[in-house]
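K.L.:
Residues per chain are reported as follows:
2 protein chains.
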Amino acid sequence: MAKRPLILVTNDDGITAPGIRTLISVMNTIGDVVVVAPDSPQSGMGHAITVDATLYLEKVNIDGKQPEYSCSGTPADCVKLAVREILDRTPDICVSGINHGSNSSINVIYSGTMSAALEAGIEGIPAIGFSLLDYNWNANFEHCKDFVETITRQVIEHGLPDGVVLNVNLPNLNKKDIKGIKVCRQARANWVEEFDKRTNPMGREYYWLAGKFVNKDNGEDTDEWALANGYVSIVPVQFDLTAHHAIQKLNTWTLN
Amino acid sequence: MAKRPLILVTNDDGITAPGIRTLISVMNTIGDVVVVAPDSPQSGMGHAITVDATLYLEKVNIDGKQPEYSCSGTPADCVKLAVREILDRTPDICVSGINHGSNSSINVIYSGTMSAALEAGIEGIPAIGFSLLDYNWNANFEHCKDFVETITRQVIEHGLPDGVVLNVNLPNLNKKDIKGIKVCRQARANWVEEFDKRTNPMGREYYWLAGKFVNKDNGEDTDEWALANGYVSIVPVQFDLTAHHAIQKLNTWTLN
Numbered sequence: 001m002a003k004r005p006l007i008l009v010t011n012d013d014g015i016t017a018p019g020i021r022t023l024i025s026v027m028n029t030i031g032d033v034v035v036v037a038p039d040s041p042q043s044g045m046g047h048a049i050t051v052d053a054t055l056y057l058e059k060v061n062i063d064g065k066q067p068e069y070s071c072s073g074t075p076a077d078c079v080k081l082a083v084r085e086i087l088d089r090t091p092d093i094c095v096s097g098i099n100h101g102s103n104s105s106i107n108v109i110y111s112g113t114m115s116a117a118l119e120a121g122i123e124g125i126p127a128i129g130f131s132l133l134d135y136n137w138n139a140n141f142e143h144c145k146d147f148v149e150t151i152t153r154q155v156i157e158h159g160l161p162d163g164v165v166l167n168v169n170l171p172n173l174n175k176k177d178i179k180g181i182k183v184c185r186q187a188r189a190n191w192v193e194e195f196d197k198r199t200n201p202m203g204r205e206y207y208w209l210a211g212k213f214v215n216k217d218n219g220e221d222t223d224e225w226a227l228a229n230g231y232v233s234i235v236p237v238q239f240d241l242t243a244h245h246a247i248q249k250l251n252t253w254t255l256n
Numbered sequence: 001m002a003k004r005p006l007i008l009v010t011n012d013d014g015i016t017a018p019g020i021r022t023l024i025s026v027m028n029t030i031g032d033v034v035v036v037a038p039d040s041p042q043s044g045m046g047h048a049i050t051v052d053a054t055l056y057l058e059k060v061n062i063d064g065k066q067p068e069y070s071c072s073g074t075p076a077d078c079v080k081l082a083v084r085e086i087l088d089r090t091p092d093i094c095v096s097g098i099n100h101g102s103n104s105s106i107n108v109i110y111s112g113t114m115s116a117a118l119e120a121g122i123e124g125i126p127a128i129g130f131s132l133l134d135y136n137w138n139a140n141f142e143h144c145k146d147f148v149e150t151i152t153r154q155v156i157e158h159g160l161p162d163g164v165v166l167n168v169n170l171p172n173l174n175k176k177d178i179k180g181i182k183v184c185r186q187a188r189a190n191w192v193e194e195f196d197k198r199t200n201p202m203g204r205e206y207y208w209l210a211g212k213f214v215n216k217d218n219g220e221d222t223d224e225w226a227l228a229n230g231y232v233s234i235v236p237v238q239f240d241l242t243a244h245h246a247i248q249k250l251n252t253w254t255l256n
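Sequences listed follow chains A and B, in order.
Using this note's numbering, the first residue of the first sequence is number 1, and each one after it goes up by one.
Using this note's numbering, the first residue of the second sequence is number 1, and each one after it goes up by one.
I should point out that these hints are in silico values taken from the structure, not numbers from a laboratory.
As the structure is a prediction and not an experimental result, all values here were calculated from the model.
Please note: incorrect hints may appear among the correct ones.
Here are the simulated DSSO-like cross-link-like pairs (lysine-lysine), alpha carbons at most 27 Å apart as the crow flies [as the list claims (entries may be wrong)]: (1) LYS249/B x LYS179/A; (2) LYS197/B x LYS59/A; (3) LYS179/B x LYS249/A.
Covered stretches of chain B, going by a simulated chain A footprint (3 or more residues, C-beta under 8 Å) [claimed, not checked]: (4) 50-64; (5) 75-83; (6) 109-117; (7) 207-217; (8) 242-249.
Ideal Cβ positions, reconstructed from N, Cα and C, are used throughout, including at glycine.
Modelling step: build the complete structure from the supplied sequences, incorporating the hints.
P.N.:
Here's what the structure looks like:
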């Protein structure tokens with residue numbers, strides 16, 4: 001690509017989160033950056049969109065280096081607004097994150113970070129979601145920068161297969177302890193919830209969602225294996241959810 | 001199955017919506033029903049979960065026929081609470097809907113109805129999301145009943161492949177005009193948004209999300225084709241989002 005690529009940056013932790021500020025700094029070395037991100041944290045929003053409420057969009061100045069817009073909606077809303085209302089051409093790539101916390105394996109389903117990347121993918125824009133395995137607001141993102149740059153440049157150079165976006169997770173290790181980047185499949189894992197039941201001052205019971213992550217997958221080709229063994233994981237993710245292998249089986253049923 | 005199956009019923013339009021009341025009436029002819037559904041409409045919530053707020057759960061009596069719980073959370077929250085806090089054994093099946101409006105093709109990504117079914121699937125419970133192609137609160141669901149019963153009984157009889165749930169959409173036609181049930185793949189389609197920009201009484205600009213659905217897929221094996229041609233569509237849907245076909249290609253990149 002001769003001219004500098006146009007890069008749309010978003011996230012789900014909110015426009016001031018250290019993770020997106022790191023991502024913006026890396027993207028400024030690669031192309032022309034426009035930021036459209038939620039005005040407040042949206043974690044756990046899945047692929048939510050705002051269908052029955054109004055959306056506010058404010059041009060904001062955070063570090064003066066690139067156009068930035070703060071949005072009252074979800075990460076998927078941000079991508080839709082960027083494409084339809086803000087940008088005068090389709091971006092060459094959309095990057096989302098860097099999320100404060102893992103979006104590996106089944107977490108992809110609940111992830112606002114990945115919903116933004118998927119929304120961009122649905123629009124035909126090559127897209128990547130980046131997540132660091134550290135939930136702290138003050139997580140150290142320095143060691144992520146080179147990996148984020150390498151992967152982004154490869155996507156710009158090669159493009160992505162139609163209907164595919166990338167889910168990238170980075171281990172929370174010193175850079176010298178990271179062994180490299182591995183292309184993986186999504187591990188079969190789930191959350192076993194343990195709801196914490198409490199009583200509020202008015203005597204009404206309520207719950208907090210808690211729980212632990214259980215990886216039931218022993219494969220060495222999964223994102224969980226890669227991350228546990230010191231690699232950055234890339235899972236190519238698709239938004240055609242059809243279980244093609246199941247169609248033939250269902251056709252043997254007595255449906256008609 | 002010798003004893004009556006235990007059936008978990010949920011939705012995303014809220015526990016009093018006509019669609020879920022129809023679904024409950026059909027399920028009562030098949031097994032023992034427990035309802036855990038949102039206390040208010042959750043459409044467009046995607047696979048949201050409540051991670052940073054409290055959840056309320058109230059036992060409610062709507063028609064006196066089965067145990068029912070109204071929940072302040074999302075459809076995925078309802079399934080998690082049902083499995084961990086309410087039911088004393090794993091349900092034999094989870095049904096979600098009947099949604100007021102289509103969840104065909106790409107709408108599966110944004111669907112609270114399907115997020116509940118996927119959440120149940122992640123828990124290893126056979127699950128189906130049902131949707132009627134009519135957004136009206138007062139939609140007529142009578143013609144759905146026999147199809148819902150047939151498909152549910154087939155799932156109870158045959159089970160579902162590991163990691164697969166069903167996305168069922170029903171055309172808004174008279175029963176005599178419905179030609180039957182077709183197993184399909186998810187059509188490649190998307191929404192082309194047209195944001196409606198307005199100014200509020202205080203002079204601040206805001207947006208409403210609007211747009212039109214564009215089907216770019218000419219296949220006759222898709223859910224869109226089936227619905228347009230008078231069939232009930234069933235798409236088997238998976239929550240392993242890995243684009244397995246893309247892994248080999250990514251491994252040719254210069255990542256390390």
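K.L.:
All hints are to be evaluated individually against the structure, with a verdict given for each.
P.N.:
Tested hints:
no. : hint                : result
1   : LYS249/B x LYS179/A : holds (21 Å)
2   : LYS197/B x LYS59/A  : holds (15 Å)
3   : LYS179/B x LYS249/A : holds (21 Å)
4   : 50-64               : holds (count 7)
5   : 75-83               : holds (count 5)
6   : 109-117             : holds (count 3)
7   : 207-217             : holds (count 3)
8   : 242-249             : holds (count 7)
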